[in-house]
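J.: Sequence:
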Amino acid sequence: MHPLLFLANPYFPPHVTYTWFIMVLLILLSFLATRRLEIYPGRLQNVFEVVVDGVKTLLVDTMGPDGVKFFPLVGTIAVYILISNLLGIIPGFESPTANLNTTLSMTLVVFVMTHVVGVRIHGFKYIKQFLGPVWWLIPIMLPIELVSHLARIVSLSVRLFGNIMGEDLVLGIVLVLVPFLVPMPVVVLMIFTSIIQTLVFMMLTMIYIHLAMQEAH
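Residue numbers for the sequence shown follow the working numbering, beginning at 674 and rising by one.
Simulated from the structure, these hints should not be mistaken for lab results.
It is possible that some hints are incorrect.
Computed list of lysine-lysine pairs in BS3-like fashion (alpha-carbon distance at most 30 Å, straight line) [unchecked claim]: (1) K742 with K801; (2) K742 with K729; (3) K742 with K798.
Derived CB-CB ranges, DEER-like [stated by the list, open to error]: (4) L705 with L884: 33 to 41 Å; (5) M857 with L819: 41 to 49 Å; (6) T707 with I800: 41 to 49 Å; (7) D734 with L701: 28 to 36 Å; (8) D726 with I811: 39 to 47 Å; (9) V820 with I864: 34 to 42 Å; (10) L746 with N719: 22 to 30 Å; (11) V820 with V873: 16 to 24 Å; (12) N719 with I763: 20 to 28 Å; (13) Q887 with S828: 17 to 25 Å; (14) I700 with M786: 21 to 29 Å; (15) P816 with I880: 16 to 24 Å.
Backbone N, C-alpha and C define an ideal beta-carbon position, used for all residues, glycine too.
Model the full structure from these sequences, guided by the hints.
T.: Now the structure itself:
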C-alpha cells in the first residue's frame, strides 16, 4: 500500500500525488537550506551547493557560457527526475517517472522550449534547419527533419519511463521473493541507473537546446 495514496482520487492518480509530494519536499528542503546561508555551510546547504555547482558546470561545459541562462529549466528537471527516480527504491513508494504521463509532460516542455529558443535567436531563419542546404532538397529534407525532431519526444519520454518502470518492477519482484531483505546489489544498481537516466535526460535537453541556438547551415 502506498503511503500517500489516501490523497489519491480519480483526479489525482498516484503519479500526480507523488509529484506533488516531491514538489513540497523540494520546496521545504530549499527553504531550510537557504534561510540561513553561512560561509561555512551546514550539511543541507552544502548538498544544495554541490548540486547547483555541478549542474552549472555541466551546463557551461556542454553549451558554453550562454547555457547558464537555462539553469532554472535544466536544474529543476535534474533534481526532480533524480528524486523521482530514487523515490521508487523506498518500499511502498512509487516513482512518478515510472509513468509515461510524467515523462511525456517534461519532454513536451523541453521540446517546446527548444523551438522557442531557436525562433527567438534566429527568427524566421530558424526554419532553414528543416529545409536543407539547397531548395531542391526541401521535399526530402523537410519530412526527415520533422520526423527527427518528433522522434526526440519518444527518445526522451519513453527511455526514462521504460527504465524507471523496469526498476520498480524488479524491486517489486525482489520484495515478493525476499520480503525482509532487499539484496544490496539490486539497490546499488537501481541507484546507479537512476543517476544515469537523470544525466541522460539532462544531456539530451542541453544538446537539443544548444542545436537550436546554432546557426542553420
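J.: All the hints need checking, so say for each whether the structure fits it.
T.: Cross-check of the supplied hints:
no., hint, result
1, K742 with K801, "holds, 25 Å"
2, K742 with K729, "holds, 10 Å"
3, K742 with K798, "holds, 22 Å"
4, L705 with L884: 33 to 41 Å, "holds, 38 Å"
5, M857 with L819: 41 to 49 Å, "holds, 47 Å"
6, T707 with I800: 41 to 49 Å, "holds, 42 Å"
7, D734 with L701: 28 to 36 Å, "holds, 31 Å"
8, D726 with I811: 39 to 47 Å, "holds, 45 Å"
9, V820 with I864: 34 to 42 Å, "holds, 35 Å"
10, L746 with N719: 22 to 30 Å, "holds, 24 Å"
11, V820 with V873: 16 to 24 Å, "holds, 21 Å"
12, N719 with I763: 20 to 28 Å, "holds, 23 Å"
13, Q887 with S828: 17 to 25 Å, "holds, 19 Å"
14, I700 with M786: 21 to 29 Å, "holds, 22 Å"
15, P816 with I880: 16 to 24 Å, "holds, 22 Å"
Violated hints for the displayed structure: none, as all numbered hints are satisfied.
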